[in-house]
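Based on these hints, arrange chain B on the given structure of chain A.
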Amino acid sequence: MHGTRILDEADRLMTVCNSCRYCEGLCAVFPAMEMRRAFSDGDLNYLANLCHACGACYVDCQFSPPHEFNVNVPKTLAIARAESYAAYAWPRVLSVTFARNGLVISIVAALSMAAFILGFVALTDRSVLFGVHTGPGAFYKLMPHNAMAALFSAAFLYAILALVMSVRAFWRDIGDPIGGRADGGSLLQAIRDAGELRYLHGGGVGCYNEDDRPTDRRKLHHHLTSYGFLLCFAATSVATLYHYLLGREAPYPWWDLPVVLGTLGGVGLIAGPIGLFVAKMRRAPELLDQERYGMDVGFIVMLFLTGATGLALLLLRETAAMGPLLALHLGAVFALFITMPYGKFVHGLYRFAALVRYAQERRTEST
Amino acid sequence: MGSKYDVLVIGGGNAALCAAIAARRGGASVLVLEGAPKFYRGGNTRHTRNMRCAHDAATEILTGPYTEDEFWKDLLVVTGGQTDEELARHMIRESKDILNWIVEQGVRWQPSLGGTLSLGRTNSFFLGGGRAMLNALYLTAERLGVAVEYDAEVTDLVIEDGMFLAARVKRPIDGETEIRAISLVAAAGGFEANIEWLKEHWGEAADNFLIRGTPYNRGSILKMLLERGVQEVGDPTQCHAVAIDARAPKFDGGIITRHDSVVFGIVVNKHAQRFYDEGEDIWPKRYAIWGRLVAAQPDQIAYIIFDSTVVTSFMPTLFPPIAGRTVAELAGKLTLDPAALERTIADFNAAVRPGTFDHTILDDCRTEGITPPKTHWARRIETPPYLAYPVRPGITFTYLGTRVNKEARMLMKDGRSSANMFAAGEIMAGNVLGKGYAAGIGMTIGSVFGRIAGREAAKHARN
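Heads up: the protein sequence lines correspond to chains A and B, in order. If you're matching positions, the first sequence starts at 1 in this note's numbering and goes up one per residue. If you're matching positions, the second sequence starts at 1 in this note's numbering and goes up one per residue.
Isolated chain A (complex conformation):
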């Protein structure tokens, strides 16, 4: 017996799958399963986070419903995966945030932050908010750079701390020896596997979405989203270096590196999340963890808002709309940061940790 009903079901399925093994060529989950005969909670959480939900094993399984063995690995592992996010959340008391509707949490957080910043500015001088500001330092007329930096550093550092603590707890549960470090080779392998979404390929033909015709759309939209996010992050990092090392103040001209990175990233963060959202709406319901719809959609919306407000700010920064748009954008980014440890964002980290663990196991086995 396991800690939860879904882990009991995952255990039952792994017993069925381990006595069949037809799927072992499809992704990492099944070879990882084959290295075990019994499954601890940690093992099941590891396998759940190794699963990319491509759906191939469901479509290929001779025992999927309506067969009486009722084997639905993608859905079962999707639920187990979502429950694992809450199980490893730090601090523990905040794991309840996963049970709530992610969309509501995110939007409320985004709007409250926007309101907060709007209020902050409005208190000092109302005309500033709706004025036209151009040239270096224009943004800081609304909010002093130091205040902005302090607020966002605090949010960012908190998010990093919470995420590190969560992943640490996850790693301890799935790895052995306890607290063992990942070696460089396994890390590199995992970076490659995560970077190309190796296991979101249905064994080579693509992902199963609305029916049994596989496509690579979901992989493409996921790439747009995650690389868009990374580009935006890079834009912010470069801008920070500009500010502190070169003394160059935002806004920067359109051809300058932070703006180019941010623009590309912003486009990704608009196109990718829309694609993922459409894919989610269309996906065959038997493959989906519908209970966690809110969390997934909430994260998608947060990323979309970040990209959309960022690009709107770029386009309209020389007009009177700049003030409100800056507030909205900063609000969205702030909310994204503080909700990161308590939403779908963590899936990337847990998946990466699971991939590292898998690479490690493969290396150990082959030596």
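Please keep in mind that the hints were generated in silico from the structure rather than gathered at the bench. One or more of the hints may lead you astray.
What the hints assert, rightly or not - The calculated lysine to aspartate or glutamate pairs, modelled on EDC-like cross-linking and capped at a C-alpha distance of 20 Å, are: (1) B:270 to B:329; (2) B:96 to B:142; (3) B:38 to B:149; (4) B:38 to A:291; (5) B:435 to B:161; (6) B:223 to B:235; (7) B:38 to A:68; (8) B:199 to B:235; (9) B:250 to A:68; (10) B:435 to A:212; (11) B:96 to B:56; (12) B:435 to B:84; (13) B:435 to B:235; (14) B:38 to A:286; (15) B:4 to B:149; (16) B:38 to A:210; (17) B:223 to B:161; (18) A:280 to A:291.
For chain B alone, coordinates are given in the frame of chain A:
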């Protein structure tokens, strides 16, 4: 209201789809009638995993060459010579090209993974298994414009003087209809799921058989063809039977109900008596004989008995072993006579001679002075908990079929060949495989003769 196609394919498995695709590629209009609902489409192909093809060199999916000659010798051994040499050699020759042709139809082979799976030299594994293979064939067939109907039960075949005219079909929605076609490909499997038919040859024992594959393999097309003048081939009492877990469902338990632990223990019947040499031969021969052996035991039940030292030596099983701290306790759980089981195990243990255990070869661990002996891998059963799997005969497929020639054209009872009827897959497997089995041959028969049947059926239709 009827409709007319160039080629009508009855059946929905590997052979049927290969025929449909080949016929469509040959320019024919094609309808596939699958008697099962969509989920259960494909008959026993759903449960298969690999295909045996001849090839001259190692590839990324095969570890070494497997020559036509070697394939032929293997076939000769498993069938004990009950094979049509001309057809068999033709199939083996064609199998070389099938390795690539099947990939062109969208089927993917599993690349080497290392780890626990050792890829074979002789057999190629479908990536994702048999259902993945079927899914790929169906997608290709649909893309090419092959029409497919599910839940389409063929109730009658109109055949005149060896010539197919029409099929009557019962559909769930619009009822009975007649479908005419210029050529027919029958690829509708065997009759292993038809317990009544099995009883004609096995008697009441067949009630205790479990059917490993789909409940839709009832042999109705085979029966109609034989009744309408097609020449039969193969022995109706022959079927591929392995020992599977007695707790498996009556139908469609598939691969995961098998047991490969016989070699690590002993097998007793309901009287707690051993009845055959558990160490006679190595995989896969030892695997394929146990279905028949158990079928010959009272109530068609037997128990594989072993101890806790060997549980990780074989594949994990779907159903856990039944355990007892003592032999008597285990016997109680199996409803065997405790004293009888204790005596059988004591006698066996006393007869075990020391040796060096190696389950990959015919080793020197054997018994002396008991009947039946265990000639290899005999080790004492003495470390509790004592464990057991109950097993029953699991029927995989039957051998009775329609006789065909090299064009996959059916032969009539009078010796003439049919003008427009072709057969492929299990329904004609008995031509090549009179008895016995070697892994992956069923799929070879299906793909090779399916492709030939489709091609020839289209050629006939377009003439």
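**OP:** Assess, step by step, whether the Cα of residue 223 (chain B) is no farther than 20 Å from the Cα of residue 161 (chain B), and give holds or violated.
**Re:** Distance ~17 Å between residue 223 (chain B) and residue 161 (chain B) Cα, so the pair holds.
Original post:
Are the Cα atoms of residue 435 (chain B) and residue 235 (chain B) separated by 20 Å or less?
Top reply: holds (8 Å)
**OP:** Given the hint that residue 96 (chain B) pairs with residue 142 (chain B), test it: the Cα-Cα distance must not exceed 20 Å.
**Re:** violated (26 Å)
Original post:
Given the proposed pairing of residue 435 (chain B) with residue 84 (chain B), does the C-alpha separation stay at or below 20 Å?
Top reply: holds (12 Å)
Original post:
Under the criterion that the straight-line Cα-Cα distance not exceed 20 Å, is the pair residue 270 (chain B), residue 329 (chain B) satisfied?
Top reply: holds (16 Å)
Subject >> Given pair status - residue 291 (chain A), residue 280 (chain A), alpha carbons within 20 Å >> reply: Distance ~13 Å between residue 280 (chain A) and residue 291 (chain A) Cα, so the pair holds.
**OP:** Below or equal to 20 Å on CA atoms is what counts here, so check residue 38 (chain B) against residue 68 (chain A).
**Re:** The hint holds at about 16 Å.
Subject >> residue 435 (chain B) paired with residue 212 (chain A) [C-alpha distance capped at 20 Å] >> reply: violated (37 Å)
**OP:** Below or equal to 20 Å on CA atoms is what counts here, so check residue 38 (chain B) against residue 291 (chain A).
**Re:** With a Cα-Cα distance of about 28 Å, the restraint between residue 38 (chain B) and residue 291 (chain A) is violated, given a limit of 20 Å.
**OP:** Assess, step by step, whether the Cα of residue 223 (chain B) is no farther than 20 Å from the Cα of residue 235 (chain B), and give holds or violated.
**Re:** holds (14 Å)
Original post:
Within 20 Å, alpha carbon to alpha carbon, are residue 96 (chain B) and residue 56 (chain B)?
Top reply: holds (8 Å)
**OP:** Take the C-alpha atoms of residue 38 (chain B) and residue 210 (chain A), compute the straight-line distance between them, and say whether it is at most 20 Å.
**Re:** holds (16 Å)
In the structure shown, a violation is registered for the earlier hints numbered 2, 4, 5, 10, in ascending order.
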